[in-house]
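Engineer: Below, each chain spelled out in residue letters.
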Amino acid sequence: EDQVTQSPEALRLQEGESSSLNCSYTVSGLRGLFWYRQDPGKGPEFLFTLYSAGEEKEKERLKATLTKKESFLHITAPKPEDSATYLCAVQTGGNKLVFGAGTILRVKS
Amino acid sequence: DVKVTQSSRYLVKRTGEKVFLECVQDMDHENMFWYRQDPGLGLRLIYFSYDVKMKEKGDIPEGYSVSREKKERFSLILESASTNQTSMYLCASSLLWEQFFGPGTRLTVL
Numbered sequence: 001e002d003q004v005t006q007s008p009e010a011l012r013l014q015e016g017e018s019s020s021l022n023c024s025y026t027v028s029g030l031r032g033l034f035w036y037r038q039d040p041g042k043g044p045e046f047l048f049t050l051y052s053a054g055e056e057k058e059k060e061r062l063k064a065t066l067t068k069k070e071s072f073l074h075i076t077a078p079k080p081e082d083s084a085t086y087l088c089a090v091q092t093g094g095n096k097l098v099f100g101a102g103t104i105l106r107v108k109s
Numbered sequence: 001d002v003k004v005t006q007s008s009r010y011l012v013k014r015t016g017e018k019v020f021l022e023c024v025q026d027m028d029h030e031n032m033f034w035y036r037q038d039p040g041l042g043l044r045l046i047y048f049s050y051d052v053k054m055k056e057k058g059d060i061p062e063g064y065s066v067s068r069e070k071k072e073r074f075s076l077i078l079e080s081a082s083t084n085q086t087s088m089y090l091c092a093s094s095l096l097w098e099q100f101f102g103p104g105t106r107l108t109v110l
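Top to bottom, those sequences are chains A and B.
Residue numbering for the first sequence follows this note's numbering, beginning at 1 and increasing consecutively.
Residue numbering for the second sequence follows this note's numbering, beginning at 1 and increasing consecutively.
These are calculated hints, taken from the structure and not from any lab test.
Please note that the accuracy of each hint is not assured.
[Unchecked claim] No more than 20 angstroms apart at the CA atoms, straight line, and that leaves these computed lysine to any residue pairs for SDA-like:
id, chain 1, residue 1, chain 2, residue 2
1, A, LYS42, B, GLU30
2, A, LYS96, B, HIS29
3, A, LYS96, B, GLU62
4, A, LYS79, A, TYR51
5, A, LYS57, B, LEU96
6, A, LYS42, B, MET88
7, B, LYS57, A, GLN3
8, B, LYS55, A, VAL98
9, A, LYS96, B, ASN84
10, B, LYS57, A, ARG106
11, A, LYS96, B, GLU30
[What the hints assert, rightly or not] A few chain A residues that face chain B, going by a derived Cβ cut-off under 7 angstroms, partial list only:
id, residue
12, PHE46
13, GLN91
14, GLY100
15, ALA101
Glycine included, C-beta positions come from ideal geometry on N, C-alpha and C.
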C-alpha cells in the first residue's frame, strides 16, 4: 500500500531560523511528488512538483529536494508569513495523489 | 490562473438530510476530485472523474455519490448525512498531474 509520512507533525521556528521538513514515502512506482502550502480555512496551494531523484526546485525561501525514499522542504530564513501547513503528496498510477498528514509550521517574530 | 470555486464555505445540516456540494472550475480541466480533510488524517480521496459522466471511487466512497453532467462542474452528494461526515471538503481539478484546489467547504452535521 502506498504511504506518505511527514515529519515533524509541528515545527516552531524563530524568524530567520532555517530548518527542513521531511516527507518519506513508500510507493510502488513514483510518478511525481508534490508540495502544497495550506493556510487555515483555505484550500491547499500548489508549490512544487519533483519527478526524479536528485531534482531540486526553489521558490523564494523554499527549496524542495527529492531522493529515492524521501523529499525535504528546506526553509531558509523563514518569516512569520511562512506560517502554514505544508502538505506532501505522491502520485503513483493514474491521476490519484496520496497525501501525508502535513507539517504545521509556526514562525515567530 | 486556475480558479476552482465551491458553492459554500460553511454549511450546517441535520442528520439524515441530503446534502449537495458543488464545485466549478474554469480551466477546461479533464480531471476533477473530491477530498475530505480531517485533523491528523490528511486529505483522503472520496471520488474522482476523468471525463463528463465518468466517475471512479476513491479511498473512502461510502456514504457519498457524485455527479458530473458538465466538464466544468463536479458535485458531491451525501445521500443521508451523518455526524461522522462532519469535515472539510475540498474539490480539485487538474489537466495533467498538478491538482489545483478550491477554498473548501466546512460541513457540520448535527
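Engineer: With reference to the structure, classify each hint as holding or not holding.
Structural biologist: Checked hints:
A hinted pair counts as satisfied when its Cα atoms are at most 20 angstroms apart, and LYS42(A) with GLU30(B) does not qualify at roughly 23 angstroms. Between LYS96(A) and HIS29(B) the alpha-carbon distance is near 15 angstroms, which keeps this suggested pair within the 20 angstroms criterion. Simply put, LYS96(A) and GLU62(B) have alpha-carbon atoms about 18 angstroms apart, close enough for the 20 angstroms limit, and the pair holds. Proposed proximity of LYS79(A) and TYR51(A) is contradicted: the alpha carbons are some 28 angstroms apart, above 20 angstroms.
Straight-line distance between C-alpha atoms of LYS57(A) and LEU96(B) comes to about 19 angstroms, which keeps the hinted pair within the 20 angstroms bound. With a CA separation close to 10 angstroms, the supplied pair LYS42(A) and MET88(B) stays within the 20 angstroms bound. Between LYS57(B) and GLN3(A) the CA atoms are separated by roughly 19 angstroms; this keeps the pair inside 20 angstroms, and the hint holds. Between the alpha carbons of LYS55(B) and VAL98(A) the distance comes to roughly 18 angstroms, so the proposed pair stays at or under 20 angstroms and holds.
Between the alpha carbons of LYS96(A) and ASN84(B) the distance comes to roughly 24 angstroms, so the proposed pair goes past 20 angstroms and is violated. Only pairs whose Cα atoms come within 20 angstroms are accepted, and LYS57(B) paired with ARG106(A) is rejected, the gap being roughly 36 angstroms. As the CA atoms of LYS96(A) and GLU30(B) are separated by approximately 13 angstroms, the hinted pair is consistent with the 20 angstroms bound. The beta carbon of PHE46(A) is positioned within 7 angstroms of a beta carbon in chain B (closest approach about 5 angstroms), and the interface hint is therefore held.
Because the beta carbon of GLN91(A) sits about 6 angstroms from the nearest beta carbon in chain B, less than 7 angstroms, this interface hint is met. Interface restraint check for GLY100(A): the shortest CB-CB distance to chain B comes to about 6 angstroms, inside 7 angstroms, so the restraint holds. The criterion of a C-beta within 7 angstroms of any C-beta in chain B is met by ALA101(A), whose closest approach is roughly 4 angstroms, and the hint holds.
Figure legend: structure checked against the earlier numbered hints; hints not met, in rising order: 1, 4, 9 and 10.
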